[in-house]
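Asker: Sequence:
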Amino acid sequence: MEQITVVISGFGPYEGVEVNPAHEVPEILAREGLEEPDVASDIDLDDVRVSIHAVPLPISFTKAWPTLLSTIEQTHPHVVIATGLKRAARGMLLERCATNLMDADRPDADNVLPDREPIDPQGPAAYWTGLPLRSIIGEFTKRDIPASLSSDAGTYVCNSLFYRLQHWATGQDRVLAGFVNFPTVTNSAHSQHGLSLRQQVAAGRSIIRQSIRYYLQPASSDLLRP
Numbered sequence: 001m002e003q004i005t006v007v008i009s010g011f012g013p014y015e016g017v018e019v020n021p022a023h024e025v026p027e028i029l030a031r032e033g034l035e036e037p038d039v040a041s042d043i044d045l046d047d048v049r050v051s052i053h054a055v056p057l058p059i060s061f062t063k064a065w066p067t068l069l070s071t072i073e074q075t076h077p078h079v080v081i082a083t084g085l086k087r088a089a090r091g092m093l094l095e096r097c098a099t100n101l102m103d104a105d106r107p108d109a110d111n112v113l114p115d116r117e118p119i120d121p122q123g124p125a126a127y128w129t130g131l132p133l134r135s136i137i138g139e140f141t142k143r144d145i146p147a148s149l150s151s152d153a154g155t156y157v158c159n160s161l162f163y164r165l166q167h168w169a170t171g172q173d174r175v176l177a178g179f180v181n182f183p184t185v186t187n188s189a190h191s192q193h194g195l196s197l198r199q200q201v202a203a204g205r206s207i208i209r210q211s212i213r214y215y216l217q218p219a220s221s222d223l224l225r226p
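For the sequence shown, the positions run 1 to 226 when my numbering is used.
In short, the hints are calculated from the structure, not lab data.
We put the CB at the ideal spot given by N, CA and C, even for glycine.
Take these hints with a grain of salt, some might be off.
Computed spacing ranges between beta-carbons, pair by pair [what the hints assert, rightly or not]:
| # | residue 1 | residue 2 | range |
| --- | --- | --- | --- |
| 1 | 62 | 105 | 15 to 21 Å |
| 2 | 219 | 90 | 27 to 33 Å |
| 3 | 188 | 103 | 30 to 36 Å |
| 4 | 17 | 113 | 16 to 22 Å |
| 5 | 2 | 103 | 40 to 46 Å |
Take these sequences, add in the hints, and give me the full structure.
Answerer: Structure below.
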């Protein structure tokens, strides 16, 4: 039986957000795994043992990546999924690109306020996600989970983490990595913004399943890139 290790990160409390899915969903997935009662999946992982590790991160330009890297170095994952919160999102946001830019209109947890600074002065302008976005979107559609593609993850801590993660991934022999934003948590079926926590956990499971499937059997049709 093949062993696949997944690391999924989220962030600590967001100001004004009572339930942060970027914290709750990784914890639930690490605790409960991928099994979903009464939900059929097209992906056969019967011969795969999946271990999921959740890691909460500080909302800090300087500390988020070292915290995630510490868990990566301890667990040696095959898949790394970083997550954040996009309050204005209607549904899941699959981030395509991390840009080499830090720019903030509010300070991070360390009171750092970068003004159009490069993340890595010697690094490339951008990195593309390694996640199979086309197949993830396809599973979301089958499961009626609202989602859309995002061209980039902004210029705040989420993007900085995404960029450093992809930079690290390019130096690895074979690791899938990428970034996904959750919307706010709502219990209203007709909300213009947000999804229930149950839907967001289901989305997290879909992302992990499709990423594992792609890791085991990569195909160019799974990707969405320029």
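Asker: Which hints from the list above does the structure break, by number from lowest to highest?
Answerer: none
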